[in-house]
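**Student:** Here is what each chain is made of, one letter per residue.
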Amino acid sequence: MSVKRDSFSLSFAVGAYGTAFGAASATAHFSILQTCLLSLLTFSGASQFAVIGVVGAGGSALSAIATASLLGTRNALYGIRMAPILKVKGFKRIVAAQLTIDESTAIATAQDNEKDQITGFWHTGFGVFIFWNIFTLLGALGAQAIGNPSAWGLDAAVPAAFIALVWPRLVDKKTRLIAVGAIALSLVLVPFTPAGLPIITTSLLAIVVGWRA
Amino acid sequence: MSTQWIAVIGTCAFAFILKFVGHSLPEKWLAHPRIGRINALIPIVLLTALVTINSVTVKTKIVIDHRMAGLGVAIIALYFKLPFPVIVLGAAVGSAIAYHFSH
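So the protein lines, in turn, are chains U and H. For what it's worth, my numbering labels the leading residue of the first sequence as 1362, then goes sequentially. For what it's worth, my numbering labels the leading residue of the second sequence as 750, then goes sequentially.
Warning: the hint list may mix true and false statements.
Chain H stretches covered by chain U per the calculated footprint, using a threshold of three residues with CB under 8 Å from any CB of chain U [stated by the list, open to error]: (1) 793-807; (2) 816-822.
Chain H side only, calculated, beta carbon under 8 Å to chain U, not exhaustive [claimed, not checked]: (3) 756; (4) 757; (5) 760; (6) 763; (7) 764; (8) 765; (9) 769; (10) 771; (11) 776; (12) 778; (13) 786; (14) 790; (15) 811; (16) 840; (17) 843.
Everything labelled a hint here was simulated from the structure, so no lab data went into it. Positions of the beta carbon are idealized from the N, C-alpha and C atoms, including for glycine.
With the hints as extra help, turn the sequences into a complete structure.
**Tutor:** Below, the structure is given as structure tokens:
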């Protein structure tokens, strides 16, 4: 029973962040429909914030898609881990793939037997999906109802969401150094490259450092 | 078609393709340590760059403004391990106050 309770509490807590996404997306001039489609079909928080972050900063659609997709590659690795546990085919596999995100994989892999792993995955996956989409809509409607987003501090909500997502990953000297490198590289590129490009270019840092060390 | 629509459709398509490909690949692909290392570093550099670009730039110029106050509040909230909604709301309030003082 406890795996279902854990799944529900995590789903509600994470789903509520959808409010921040909905509001930030509306502020970056995405319509309510576009905002809701991102939550329904992309359904991966970091990638969704990346799209609106790049386009909101004046970047091209291609930069936005590339940045969001690179952030989505970890979902592919989660899928490789989850597929042998879930053992589903056909339509069920399509649904399982869509629900494969940080939270559903985390809850599943934290269980010590296969039955709880499967229960944890489906309950968390569907739970986050439902709450994330409801709160996205509420956030977008709320942001549209207010006037100038800067006056309400919404333009700082996007970098705040990103820093909250990256902060727990900065666990040692190496990760902090590479973060400083990403700040420096992106700032140096700002005056010389089209908006959006400085962000995606920092992925080269990850590839170079990860390849060697 | 607007930048927003192309970005939305492209992102949705690739997000699902990546997820589905994962469910269709053999498990041994995970084993390569190089893939694991790069995969762990990619979110760090991209998210850090997204923080930077969204807090100190406007288009292709570096602009320091009210958003820095919001970012400062977010960092303080993170230091005290406060939950995500508090971080985002705190940043918005900090930035809004700075905006009203500077306009």
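**Student:** Could you run down the list of hints and mark each one as holding or not?
**Tutor:** Status of the hints after comparison with the structure:
1. For the stretch 793-807 of chain H, the assignment as covered by chain U holds, since 15 residues bring a beta-carbon within under 8 Å of that chain's beta-carbons and 3 suffice.
2. Using a Cβ-Cβ cut-off of 8 Å, 5 residues of the stretch 816-822 of chain H lie near chain U, which meets the minimum of three, so the contact claim holds.
3. Annotation: residue 756 of chain H was flagged as interfacial toward chain U, and the flag holds, the nearest CB pair being 4 Å apart, inside 8 Å.
4. Using the Cβ-Cβ criterion of 8 Å, the hint placing residue 757 of chain H at the interface with chain U is satisfied: the shortest such distance is roughly 5 Å.
5. Annotation: residue 760 of chain H was flagged as interfacial toward chain U, and the flag holds, the nearest CB pair being 4 Å apart, inside 8 Å.
6. With 8 Å as the threshold, the beta carbon of residue 763 of chain H comes within range of chain U, its nearest partner Cβ sitting at about 4 Å, so the hint holds.
7. Taking 8 Å as the C-beta cut-off, the interface hint given for residue 764 of chain H holds, the closest approach to chain U being about 4 Å.
8. Nearest Cβ of chain U to the Cβ of residue 765 of chain H: about 6 Å, under the 8 Å cut. The hint holds.
9. For residue 769 of chain H, the shortest C-beta to C-beta distance to chain U is roughly 4 Å, which falls under 8 Å, so the interface hint holds.
10. Satisfaction of the interface hint for residue 771 of chain H is found here, the shortest Cβ-Cβ separation to chain U being roughly 2 Å, below the 8 Å cut-off.
11. For residue 776 of chain H, the interface hint holds, the least distance from its beta-carbon to any beta-carbon of chain U being 6 Å, beneath 8 Å.
12. About 6 Å separates the beta-carbon of residue 778 of chain H from the nearest beta-carbon of chain U, less than 8 Å, and the hint is met.
13. A least Cβ separation of about 4 Å between residue 786 of chain H and chain U falls short of the 8 Å threshold, and the interface hint therefore holds.
14. The beta carbon of residue 790 of chain H is positioned within 8 Å of a beta carbon in chain U (closest approach about 4 Å), and the interface hint is therefore held.
15. The closest approach between the C-beta of residue 811 of chain H and any C-beta of chain U is roughly 6 Å, which is under the 8 Å cut-off, so the hint is satisfied.
16. With a cut of 8 Å, the hint placing residue 840 of chain H at the interface with chain U holds, because the nearest CB-to-CB distance is about 3 Å.
17. The closest approach between the C-beta of residue 843 of chain H and any C-beta of chain U is roughly 7 Å, which is under the 8 Å cut-off, so the hint is satisfied.
In this structure, none of the earlier numbered hints is contradicted; all agree with it.
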